[in-house]
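Peer 1: Chain B: place on chain A using the hints.
Given next are the chains, with one letter for each unit.
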Amino acid sequence: MALQVEVPLEAAGSTPAIRAHDLVKSFGALRAVDGVTFDLAAGRIYGILGPNGSGKTTVIRLLTGLTRPSSGWAEVLGTRMPSRSNLSRIGYMTQADGVYAALTVAENLRFFGATYGVEGDEPVAHALEVVDLADRRSSIVGTLSGGQRRRLSLACALVHRPPILFLDEPTVGVDPLLRVQFWSHFRALADAGTTIVVSSHVMDEADRCDELLFVRSGTVIARGTGQEIRAQAGTPDLEQAFVRLGSAVEATR
Amino acid sequence: MSRRRVLALFRRVVAEIRRDRPSLALLFIAPIVITGLVTFILRESQAPQVTAVVVNLAGQRGELVGTALGTALREGGATISDVADEPTAIAAIVAGTASIGIVIGTDATAGGGLTITAITNGLDPSGEASQVAAVGRAMLQAAGSASGATVPAVRHATVYGAPSDDPVTTFAPAIVGFFAYFFVYVLTGVSFLRERTGGTLERLMATPVTRGEVVAGYTLGFGLFATIQVAVLMLWTLGSLHIPALGPLPSFSIGLGVAVNGSPMLAFVVVVLLAVGAVSLGIFLSTFARTELQVIQFIPIVLAPQFLLSGVLFPVSNLPSILQPLVAIMPLNYAVDGLRQVFIRGADLGVPALQLDLVVLGIVAAFFATIAALTIRRDVV
Chain A
1 MALQVEVPLE
11 AAGSTPAIRA
21 HDLVKSFGAL
31 RAVDGVTFDL
41 AAGRIYGILG
51 PNGSGKTTVI
61 RLLTGLTRPS
71 SGWAEVLGTR
81 MPSRSNLSRI
91 GYMTQADGVY
101 AALTVAENLR
111 FFGATYGVEG
121 DEPVAHALEV
131 VDLADRRSSI
141 VGTLSGGQRR
151 RLSLACALVH
161 RPPILFLDEP
171 TVGVDPLLRV
181 QFWSHFRALA
191 DAGTTIVVSS
201 HVMDEADRCD
211 ELLFVRSGTV
221 IARGTGQEIR
231 AQAGTPDLEQ
241 AFVRLGSAVE
251 ATR
Chain B
1 MSRRRVLALF
11 RRVVAEIRRD
21 RPSLALLFIA
31 PIVITGLVTF
41 ILRESQAPQV
51 TAVVVNLAGQ
61 RGELVGTALG
71 TALREGGATI
81 SDVADEPTAI
91 AAIVAGTASI
101 GIVIGTDATA
111 GGGLTITAIT
121 NGLDPSGEAS
131 QVAAVGRAML
141 QAAGSASGAT
151 VPAVRHATVY
161 GAPSDDPVTT
171 FAPAIVGFFA
181 YFFVYVLTGV
191 SFLRERTGGT
201 LERLMATPVT
211 RGEVVAGYTL
221 GFGLFATIQV
231 AVLMLWTLGS
241 LHIPALGPLP
251 SFSIGLGVAV
261 NGSPMLAFVV
271 VVLLAVGAVS
281 LGIFLSTFAR
291 TELQVIQFIP
301 IVLAPQFLLS
311 GVLFPVSNLP
321 SILQPLVAIM
331 PLNYAVDGLR
341 QVFIRGADLG
351 VPALQLDLVV
361 LGIVAAFFAT
371 IAALTIRRDV
381 V
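Note that the protein sequences, when read in sequence, are chains A and B.
Counting from 1, position 16 in the first sequence corresponds to residue 16 in the working numbering; the numbering is continuous, with no gaps.
Counting from 1, position 109 in the second sequence corresponds to residue 109 in the working numbering; the numbering is continuous, with no gaps.
It is possible that part of the hints are untrue.
[As the list claims (entries may be wrong)] If you want the ones that stay clear, here's a sample from chain B, every Cβ over 10 angstroms from chain A, calculated:
#, residue
1, 7
2, 33
3, 47
4, 144
5, 228
6, 272
7, 318
[As the list claims (entries may be wrong)] Label-pair restraints from in silico Cβ distances:
#, chain 1, residue 1, chain 2, residue 2, range
8, A, 26, B, 367, 29 to 39 angstroms
9, B, 14, A, 68, 29 to 39 angstroms
10, B, 7, A, 80, 23 to 33 angstroms
11, B, 4, A, 146, 26 to 36 angstroms
12, B, 292, A, 146, 16 to 26 angstroms
13, A, 68, B, 320, 41 to 51 angstroms
14, B, 4, A, 248, 47 to 57 angstroms
15, A, 120, B, 228, 27 to 37 angstroms
16, B, 212, A, 68, 13 to 23 angstroms
No wet-lab data here; the hints were simulated from the structure.
Small disclaimer: the values here were computed from a predicted structure and weren't measured.
Note that beta-carbon positions come from the ideal geometry of N, C-alpha and C, so glycine has one too.
Looking at chain A on its own, in the form it has when it is part of the complex (with noise of 0.2 angstroms):
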């Protein structure tokens, strides 16, 4: 039987609600995270900005628990991962969608409620509306469009309205349109009280988030807004300042 633990309310609001400390991961020889310290705070929206491989889905997978870290540790509302009672506190939306394309989307959607232990219809017909995808709740799956599909994905990572959510590269596939609602919803949940962390190499979706960290190489070479950042590079936009940044850490190597 999993233990559901209360977690004090000021809890959210003092400390952060995510805090990574010196954070390494090592596969064989590659250190895929190399020294990784955070704190986020509640209730903002933080992106983990980087190109392809630089280990922002590792970063994720850190702090969500699905893998241990090779020394450092990760907290999550002040409970240290990996830790399985606190994964119920916890949304995570796949870099792949993560759905069963043989179910109905309701059927998704119950399911992964059922996981985190969410029963009844008024979770799903919620997530279902935070997407927009109340007119397909009876489609099976595999005949959505990749547009919807993401979208029910992102339901799933919300149906048990977690307080913290991890979105790994939720925008990708999507079409412009649909980008602009996904970011609301994002802005609304967070201004509701979760924290987002979003990954993403896309740069241009980067000035949506309230503060931006900057991953290269397996470590953080940035933080701050994105006003901030492109005011510390000298640059006009946050691609080159992302270049600017990358190759004067290079250098001081």
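Peer 2: Chain B only, in chain A's frame:
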């Protein structure tokens, strides 16, 4: 382990299979077609048609033997013709006009004793062996009638069942066990591989679901379909529904009508235990597969040895002694034996041989469930 989460997994697995029509067909129709075909072959196969050409190279003495042998063979329904020499006989076999050549000659080394050589073309060993056996039987009969003595006949009696029983009786238990194992393995393996490659396992592992719950949910879900499959297959194998003649249609019966001496429920328990082991085996092996094709490629490695070493095709007691240790570790072997104990011997739970089968199947199922749970790693990449 949370009952709710296991139930959620179970429902999901069931919903997925229910919508997968081809898999359902595979699960139910394929075994019925194959068992029906095998039964038809076993029951209706014809006695070998012997078309013999006889060559006599032993003069007067050979003539006598040849006539007696010919008479005995003709009584058995064979066609006999005489030819002049061995090359003519071989030419007849090559041309397909004769199925066997019988050469009666003298053996100088044995003091001029008579020898009989049977020649066949060598392309169909088992079919030709039955031809040679027919010649042997006719020879025995000929010898008996020539000497005027009665040749004692060997009667065969068995402790369980009767030797003249339907050949399907011994074959049916093996085939029921094998099908349950085969289909459950393939369906679970492919379905769990989809879970791994489709990203749903990654997502599932980010929920409070435990690995044990995943194995339990899968076992219940596929176990349900395996149970229904076995029930249908047992009804088909054991049942015999007679349909009377109707108008121009002749009467016929549905079901193989195999006699079972023991409790069908007990046979059912044996197969369900086997199927539970197959679910976990499928989950476990899907760890080593990257594509659905590779799950299928495991069949020759994992299932073929079981098929060959579990008495489905070859009697276990006839297998070379070097293979016997392997036989002892084949789960299917215990299921086939258990089913035969129930079907033919009419064994109940008090029979030690059946107890051993059930215990071994239980241990195998528990063992594979454990390693399956261990291989659902949190570190799925």
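Peer 1: Going back to the hint list, which numbers does this structure go against?
Peer 2: 1
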